[in-house]
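Visitor: Note that the protein sequences, when read in sequence, are chains A and B. Per numbering that gives the first Met the number 0: the first sequence = residues 0 to 400. Per numbering that gives the first Met the number 0: the second sequence = residues 0 to 397.
Derived by calculation from the structure, the hints in this document are not laboratory data. As the structure is a computational prediction, the values presented were derived from the model and not from experiment. Watch out, some of these pointers could steer you wrong.
[What the hints assert, rightly or not] Label-pair ranges, simulated between beta-carbon atoms: (1) A:PRO298 / B:PRO172: 23 to 29 Å; (2) B:HIS114 / A:GLN336: 51 to 57 Å; (3) A:GLN234 / B:GLU138: 28 to 34 Å; (4) A:GLU5 / B:LEU90: 55 to 61 Å.
[Said to hold, decoys possible] If you only want the chain A side, here are some residues facing chain B, beta carbon under 7 Å, derived: (5) VAL89; (6) VAL110; (7) LEU286; (8) ASP317.
All C-beta atoms in this analysis are idealised placements derived from N, C-alpha and C, irrespective of residue type, glycine included.
Here's the letter readout for the chains.
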Amino acid sequence: MLATRENPALNAAADLLALLHDTTTEPREDSQLEALTLAVSADLPVLLWGEPGIGKTAALNHLADSLNLPLTTVIASVHEPSDFSGLPVVGDDPAVQGVPMAPPDWAVQLVRAGQGLLFLDELSTAPPAVQAALLRLVLERRVGTLRLPPGVRIVAAANPRSSAADGWELSPPLANRFVHLQWTHDHDVVVRGLGGTWPRAALPRLDPRRLRESVAFARRSVCELLAARPGLVHQLPKSDARRGGPWPSPRSWEMALRLIAFATAAGTSRDVLSMLVRGAVGDGPGLELLASMDRMDLPDPETLLANPASAVLPERGDLRQTVLDGVVAAVRKRPDQSRWDAAWALLVLALETGVPDLVVVPATTLAALRRDDWQVPAAIDRLAGVVSLSQRADRVVGGVR
Amino acid sequence: MSMDEEKLFAARLHAVRCRPYLATALFALHPVESQHVPTMAVDEHWRCYVSPRFVDSMPLAMLAGVWVHEVSHLLRDHHGRGDRYAAEHELTEPGERLRMNIAADCEINDDVFGHGLPCPKDAVLPYKLALPPDLLMEEYLGRFTLGPWTDDWAWLECGSGADGLPRPWDLGPDGAHGLSAHERDAIRFRVAQGINGSPGDVPKGWQRWAEEAFHPPQPWRELLGAALRSAISGSGEDYTYGRPARRAASLPGVVLPSLRRRPPRVCVIVDTSGSVSDTELGSAILEIAAITRALGGRRDHVSVLSCDAAAHVTGPLCQAEGIPLIGGGGTDLRAGFDTALRGSPDAIVALTDGQTPWPGARPPCRTVVGLFNRPRRPEDPDYVPDQPPPWAKVVTVG
Chain A
0 MLATRENPAL NAAADLLALL HDTTTEPRED SQLEALTLAV SADLPVLLWG EPGIGKTAAL
60 NHLADSLNLP LTTVIASVHE PSDFSGLPVV GDDPAVQGVP MAPPDWAVQL VRAGQGLLFL
120 DELSTAPPAV QAALLRLVLE RRVGTLRLPP GVRIVAAANP RSSAADGWEL SPPLANRFVH
180 LQWTHDHDVV VRGLGGTWPR AALPRLDPRR LRESVAFARR SVCELLAARP GLVHQLPKSD
240 ARRGGPWPSP RSWEMALRLI AFATAAGTSR DVLSMLVRGA VGDGPGLELL ASMDRMDLPD
300 PETLLANPAS AVLPERGDLR QTVLDGVVAA VRKRPDQSRW DAAWALLVLA LETGVPDLVV
360 VPATTLAALR RDDWQVPAAI DRLAGVVSLS QRADRVVGGV R
Chain B
0 MSMDEEKLFA ARLHAVRCRP YLATALFALH PVESQHVPTM AVDEHWRCYV SPRFVDSMPL
60 AMLAGVWVHE VSHLLRDHHG RGDRYAAEHE LTEPGERLRM NIAADCEIND DVFGHGLPCP
120 KDAVLPYKLA LPPDLLMEEY LGRFTLGPWT DDWAWLECGS GADGLPRPWD LGPDGAHGLS
180 AHERDAIRFR VAQGINGSPG DVPKGWQRWA EEAFHPPQPW RELLGAALRS AISGSGEDYT
240 YGRPARRAAS LPGVVLPSLR RRPPRVCVIV DTSGSVSDTE LGSAILEIAA ITRALGGRRD
300 HVSVLSCDAA AHVTGPLCQA EGIPLIGGGG TDLRAGFDTA LRGSPDAIVA LTDGQTPWPG
360 ARPPCRTVVG LFNRPRRPED PDYVPDQPPP WAKVVTVG
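Excised from the complex, chain A in its bound form (with noise of 0.2 Å):
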C-alpha cells in the first residue's frame, strides 16, 4: 500500500482504472434482466445457462448494485461438499454432543448480514458429490447447521455442456430445484454497456391492491391446466440430456405458480412470464400453460351473448376466430332466440371491426342452427359481403374441380 503511494506510475494506473469503473446505470426494456429480478424477489432460486464471457458475472454484480445488495460468489467447481453441508468438527463426546456440521466462513457472514445475493458460479463443472450438497443449500437454505435468512437470495450459473471442457451433467434433483434461464447477450445492451452505461435492473413493483387477485389467477391457471392434463404434473425426462434442464414436477409446477402470481400483481408482460415459466417446468409443459392462460384471457362467450352492444372482441384474427366458435358453441348448447340474435349482433360487430373471411364459418355454423318459428334478424343484411366472399371460395373448389 505504502508503495502504491509514492509509486506515481502506479497512481496514475489507480486514477485510470477507477475513470474506467465508473460507470452509469439507465433503466432500459431487457426482457432477460426483467425476468431474472422477477424470480431474485419471488425468492426462487435462479440458474443462468450461457457460454463462458458472456457477461453473467457481470450481469449479477449489477443486479446487486443497483438492488443495493452485498453480493457473495461462491464457484463452486473448488469448493469441496463440506464447505455447503458443513465440516464435521469431532468434539470430546461424540456421542453425547453429536458432531456438529461447522459452517464456512461466507456461510456466517452472509447470515449477519440478514440479507445479499448468494452466487454459485460454475456449477456445471462441480463434481457430483459437491452437487449432492448443493441440493440442502438451494432448497432447505441450510449451510451446515446455519440457515440462511428469507433475505438472502440465490443464484447460480452454469456453462452449457458444449461449452464446459469438461463437467458434469447436473444431476436432475438439483435441476429440478432452479428456474433456469437461458443467458444471451444483447447487442445494444453491450455496446451501450462498454460506452458507460448498463441497463438498470429494478425490483418489480408489485401492486398490492392486486396481490389477492394474483394468486387466485395463479392458482387458477395451473389447477385448471394440471386437471385437465394429468400427465403434465410429473414428467422426469427420458433422456440424458434433458435430465439437467427444466423439467414438470409437482415442484415446479409450485414455483412455476409463484412466477405467475408474481408477474401478474406486477403487470410484467407475457414475454417475461413465458421465459419464467417455460423455465421451471420446461419449454412443452409451459407453453401449454402458457396457451391454457391465453385462453383464460379471452372474453367468456355467456358474457358476450348477454350484453352484445358492449361486446368487445380481440383484435388478432386467430383469437377472435376462437371467441366467435365459442360464441356459436354457447348458442347451440342452449338454444333459444334472443342468443340467437344475440350471436348475429356479434357476427356483425366481428365484421365492422375486422376481417371478413373469418366470420364465415362462424355465420355459416350459426345459419344451421335457426328453428323454424325464429326470425331472421334485419342484421343480417350486413353480412352480405361474408356471403359474396364465401361464394367466390366456393366457386374456385368448383373450377378446380
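Chain A is fixed; fit chain B onto it per the hints.
Guide: Same frame as chain A, but now just chain B:
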C-alpha cells in the same frame, strides 16, 4: 390503385378450407397493403405485406397457395433459422439471403401445393435443382450455389420472415399489429398441438414438423456423451470420506474429505459383422475416448474389443486412429461381453447394428448401446433381431 381485399380474404378462406390444420396460423397473419413488395412477403412479427397488383394478377386458388406458403415460412421459423445459419457459417453477402429464401422454399413447397392448391409454374421445387425432396432448409443450403439455374428466381421475395434480412417495408417490432415472441411461440405451439392431436389428414412433412417443433431431436454425439457420462459417474474425480484428507493433520478434530481420482475404465465392444470401414463407427469410438479423457480417464483405460461370433482383443486404445478391427461374419455379442467383464470395467459401450443375441443377465457395470441403423441382411428377410435389453441405455447413432 386499391386492393381487392375481398379476393385476398376469399383466398385465405379457400386456404383454410384446404388446410384446416393451419387455420389458427392463417388467421393470425395480419395483411398489410404495400406498394413496395413485388408479390407477398412476411416479416417475423407475423405481418403479411401484399402488393395490390399481385392480388389482381393471380387466380384466386393460386393466391390461396401463396397464403399457405407464406405462413409456412413463419411456422417453420425460417427467420430465426436463417439468422442462426448465417451466424454459424459467417455469411454476410446479400446473395446468401436469396439462397436462404430458395432453400426455405424448397423445404416447404413439397407440402404446400396439391389438394386444391395448384402449383404455379415458377415455384421453387427441389427437383429443379436436382436435389432430393423432404430435406430441411439447412441441408439444402449446403447443396447448391447460385448460378444460371437459379436465375428464374433472382427476384424471389418472401420477405424477412423467410430469411431474416430486414426489408425496407417492414414495420418493425413497434409497428401496429405485430406479434411478440411469446405470441408467435404460442401460435406455433397451438398449430403443432392441433396436428399432434389429430394427425389423420395431415401430410407427413407437417407431422414431422409438429413433433419436432418444440422437442428438437438432439444430435447423437450429445446423447451418447450424456449416456456415457451418467454411466461412469461415480468414477473420475470426486470427494470421499473413505480416506482422510492430507490437510486433516493441520486441523485436529475436523474431518475433511479427500479428493480421490479413480480414472474410469471403459470397454468398447465393436460389432464388426457389418460394414467394417464405417466412418461413423470410427467417430463414435473417438467420441467415447474424448469423453473418457475429459472425465479424468486415461487412454490405456479405454479398451476396444472387436467382436463377431467370437471376441478379438484389440487392446488398449493407445492411438486415437488406426484401431485394428478384426472379424466379419455372424455376430454374437455375448462373447464380447464375457471378455469385456474380465477387465472389470466401469462401463461397457457396445456399438452394434443390433442383429445379435444379448447376454441373459445384467452385467455388473452400466451398459450403453450405440445402435447403428444398417439395412437388414438380405439373406434372411424374416429374421427379426432381439431388442436391446432394458438394462442398457440405447442411443441411436447416425
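Visitor: Hint numbers the structure violates, sorted upward?
Guide: Numbers 2, 6, in rising order.
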